[in-house]
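J.: Based on the hints, put chain D in the right spot on chain W.
Number of protein chains: 2
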Amino acid sequence: MYKKLYVLPLFLFLLVSCKNKTEDATTVGNSNPTETIAASSNPLPSWNDGTLKSDIIAYVEKVTKEGTPDFIPVEDRIATFDNDGTLWAEKPYVQELFAFYRVKKMVEANPALEQKQPFKAVVEKDKTFFEKGGDKALIELVAATHTGMTEDEFEKEAKDFFTGAIFPGKNVPLKQIRYQPQLELLNYLRANGFKTFIVTGGTVELVRAISADFYGIPKYQVVGTSFKYTFDDAANSIKREPALDLLDDKVGKPVGIQLHIGQRPVFACGNEGGAGDLAMLRYSSGSKYPSFQMIVNHNDSIREYSYQEKDNLSLNTAAKYKYHVISIKDDWKKVFPDK
Amino acid sequence: MYKKLYVLPLFLFLLVSCKNKTEDATTVGNSNPTETIAASSNPLPSWNDGTLKSDIIAYVEKVTKEGTPDFIPVEDRIATFDNDGTLWAEKPYVQELFAFYRVKKMVEANPALEQKQPFKAVVEKDKTFFEKGGDKALIELVAATHTGMTEDEFEKEAKDFFTGAIFPGKNVPLKQIRYQPQLELLNYLRANGFKTFIVTGGTVELVRAISADFYGIPKYQVVGTSFKYTFDDAANSIKREPALDLLDDKVGKPVGIQLHIGQRPVFACGNEGGAGDLAMLRYSSGSKYPSFQMIVNHNDSIREYSYQEKDNLSLNTAAKYKYHVISIKDDWKKVFPDK
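Protein chains in written order, with this note's numbering: chain W, 369 to 707; chain D, 369 to 707.
Incorrect hints may have been included.
Stated by the list, open to error - Pairs of lysine-lysine residues, derived as DSSO-like cross-links and limited to a Cα-Cα distance of at most 30 Å, are as follows:
#, chain 1, residue 1, chain 2, residue 2
1, D, Lys527, W, Lys433
2, W, Lys459, W, Lys688
3, D, Lys690, W, Lys607
4, D, Lys607, W, Lys524
5, W, Lys678, W, Lys563
6, D, Lys563, D, Lys472
7, D, Lys524, W, Lys433
8, D, Lys433, W, Lys563
9, W, Lys607, D, Lys527
10, W, Lys607, D, Lys563
11, W, Lys607, D, Lys587
12, D, Lys473, W, Lys656
13, D, Lys707, D, Lys688
14, D, Lys430, W, Lys587
15, D, Lys472, D, Lys587
16, W, Lys678, W, Lys504
17, D, Lys656, W, Lys473
18, D, Lys563, W, Lys527
19, W, Lys690, D, Lys524
20, D, Lys697, D, Lys707
21, W, Lys656, D, Lys607
22, W, Lys563, D, Lys484
23, W, Lys524, D, Lys690
24, W, Lys488, W, Lys607
25, W, Lys656, D, Lys433
26, D, Lys527, D, Lys563
27, W, Lys656, D, Lys527
28, D, Lys596, W, Lys504
29, W, Lys484, W, Lys459
30, W, Lys527, W, Lys688
31, W, Lys527, D, Lys707
32, W, Lys459, W, Lys430
33, D, Lys697, W, Lys527
Keep in mind the hints are simulated off the structure, nothing from the lab. All figures in this text were calculated on a predicted structure; none of them were measured in a lab.
In isolation and in its complexed conformation, chain W is listed as follows (with noise of 0.2 Å):
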């Protein structure tokens, strides 16, 4: 079960919109979210007021007030967010432009890969390829372009793409698809003495190559899909191999949840689009605490994206189970931080 990908109907997509346009060099800067915002009398500033805003504060205030029946402890003040879609934009996923990436590099290492599949449909943009091949064309991509190197060697190629990577059809680095208001969302969570975790379906390495500078989050609070590992003690390195060990999406994400964090969070945030943190959502709502739910509703065309889900899943289930919906379009009076 875990050994499906999830990312094909966008990876197909993207084939023909990209344009290599990772190849542009911008450095990234520095900026660390952790600094910017402490508690102050308007802890979230680029929330628009209404519900949603008042309902966060109240429940943030609620369940840090010593002595009351709603008191969480600090130990178990734990907040998971999902990344794609629900931290930064997710049209197109990241993680498919850093195969991309990874693709033009090692064609360009070794020219006679251009030659072979998957690499080849990818410098074709052979969409039928893909297509036609699957799950199991894309993981074959994947398994291709992330793994069969030492994780030292993964993270210099993370950091390098990193640093160079543009964000297709906003032009922007990927530091600037960061949604500004869960930047403040994070920061207010941690000065109210939460523990915030990325929970993410993409790779759990490439996201670690970030969380810190992007997030604010150390490496350990990540969790996310990965491949399996060996220790090889004479070159005393990690490798990973070519085969999925846990993919941290749907009902994988409160599985590496436990695995990881070994406690489920009170307070868990994602986004429609994929339907894929209903599962992590579900589980947060079964804390002994009082908890909070909360979903993005991708409905904002001009500022970010507008995309549902065909069956509506994730929003008919928020409603069911009486999640909080974040509304881009009205919640978010701004989307994007200042360059």
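T.: Positioned in the frame of chain W, the structure of chain D alone reads:
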């Protein structure tokens, strides 16, 4: 390779000598080790003055001095400690006491189990069953006693166990088998910006049940042996299946570290006895920063225990790679904490 359990010899020893002492009920105190020591003039009072204590302090002072070539940024100050035999006594493993505790409770609840293996063998202290059955029989026991329940149920079981458990031979609550010098070392490292992690061969949730109370280490900073999980949406719970996911021992330790922490530790401490920590120390020694590796030598038959590996692999490897060795007899002024 991860399916192999490593506790057979001690397990058999325990089967004969333990005598169900876990039934005694003694409430364990709540003193929090994180509160006891910050930065004092003698941060390691239970360590005898000598080369090793000086080396530890010199290392910490060296790598925390900003503006020097040896400086380690705070986010990279990762310290990993094995648990059994490194942070607390391992004769017998607490994990085994827990398995026996579970057998007793399960048989009480369902007396018919007494006639079924592997319960029968435990109840009748049948060494032969486990000798003949080897790893397979042992996995069967761990699976039967540690899985097939929800995480919430397991957490309650672990809590109940730790509240009453008494360590055989020493007749003290489990909190009293922690090593006082190591508690001071954990505090000293944290006071200097290190994040302290437990990397244990034991099952991760059992150690998480006491990591904050016993060691000041949050659940998400515990890496351990894990079973496969499934998420049940209708029941809104995680269940553990009777199949190992990762055996976090030997070469499994660097793998667990990469999966959970995502970076090499700069400080790592294990123990000789089962040669389980060598790969972790080796992985740490490959850090790009100055690093520190240390092995506890159990050579104090009076105050703790005296046991050595037949082939002396851990101490030989320590000599080969110049790891530091803790002689319990000579380096520790005091072994266990005051009551």
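J.: All hints are to be evaluated individually against the structure, with a verdict given for each.
T.: Going through the hints against the structure:
{"no.": "1", "hint": "D:Lys527 <-> W:Lys433", "verdict": "26 Å, holds"}
{"no.": "2", "hint": "W:Lys459 <-> W:Lys688", "verdict": "27 Å, holds"}
{"no.": "3", "hint": "D:Lys690 <-> W:Lys607", "verdict": "25 Å, holds"}
{"no.": "4", "hint": "D:Lys607 <-> W:Lys524", "verdict": "37 Å, violated"}
{"no.": "5", "hint": "W:Lys678 <-> W:Lys563", "verdict": "34 Å, violated"}
{"no.": "6", "hint": "D:Lys563 <-> D:Lys472", "verdict": "38 Å, violated"}
{"no.": "7", "hint": "D:Lys524 <-> W:Lys433", "verdict": "26 Å, holds"}
{"no.": "8", "hint": "D:Lys433 <-> W:Lys563", "verdict": "28 Å, holds"}
{"no.": "9", "hint": "W:Lys607 <-> D:Lys527", "verdict": "37 Å, violated"}
{"no.": "10", "hint": "W:Lys607 <-> D:Lys563", "verdict": "24 Å, holds"}
{"no.": "11", "hint": "W:Lys607 <-> D:Lys587", "verdict": "26 Å, holds"}
{"no.": "12", "hint": "D:Lys473 <-> W:Lys656", "verdict": "25 Å, holds"}
{"no.": "13", "hint": "D:Lys707 <-> D:Lys688", "verdict": "39 Å, violated"}
{"no.": "14", "hint": "D:Lys430 <-> W:Lys587", "verdict": "24 Å, holds"}
{"no.": "15", "hint": "D:Lys472 <-> D:Lys587", "verdict": "27 Å, holds"}
{"no.": "16", "hint": "W:Lys678 <-> W:Lys504", "verdict": "24 Å, holds"}
{"no.": "17", "hint": "D:Lys656 <-> W:Lys473", "verdict": "25 Å, holds"}
{"no.": "18", "hint": "D:Lys563 <-> W:Lys527", "verdict": "23 Å, holds"}
{"no.": "19", "hint": "W:Lys690 <-> D:Lys524", "verdict": "29 Å, holds"}
{"no.": "20", "hint": "D:Lys697 <-> D:Lys707", "verdict": "21 Å, holds"}
{"no.": "21", "hint": "W:Lys656 <-> D:Lys607", "verdict": "17 Å, holds"}
{"no.": "22", "hint": "W:Lys563 <-> D:Lys484", "verdict": "45 Å, violated"}
{"no.": "23", "hint": "W:Lys524 <-> D:Lys690", "verdict": "29 Å, holds"}
{"no.": "24", "hint": "W:Lys488 <-> W:Lys607", "verdict": "25 Å, holds"}
{"no.": "25", "hint": "W:Lys656 <-> D:Lys433", "verdict": "44 Å, violated"}
{"no.": "26", "hint": "D:Lys527 <-> D:Lys563", "verdict": "25 Å, holds"}
{"no.": "27", "hint": "W:Lys656 <-> D:Lys527", "verdict": "16 Å, holds"}
{"no.": "28", "hint": "D:Lys596 <-> W:Lys504", "verdict": "24 Å, holds"}
{"no.": "29", "hint": "W:Lys484 <-> W:Lys459", "verdict": "28 Å, holds"}
{"no.": "30", "hint": "W:Lys527 <-> W:Lys688", "verdict": "42 Å, violated"}
{"no.": "31", "hint": "W:Lys527 <-> D:Lys707", "verdict": "50 Å, violated"}
{"no.": "32", "hint": "W:Lys459 <-> W:Lys430", "verdict": "36 Å, violated"}
{"no.": "33", "hint": "D:Lys697 <-> W:Lys527", "verdict": "47 Å, violated"}
The structure is inconsistent with the numbered hints 4, 5, 6, 9, 13, 22, 25, 30, 31, 32, 33, although it conforms to all the rest.
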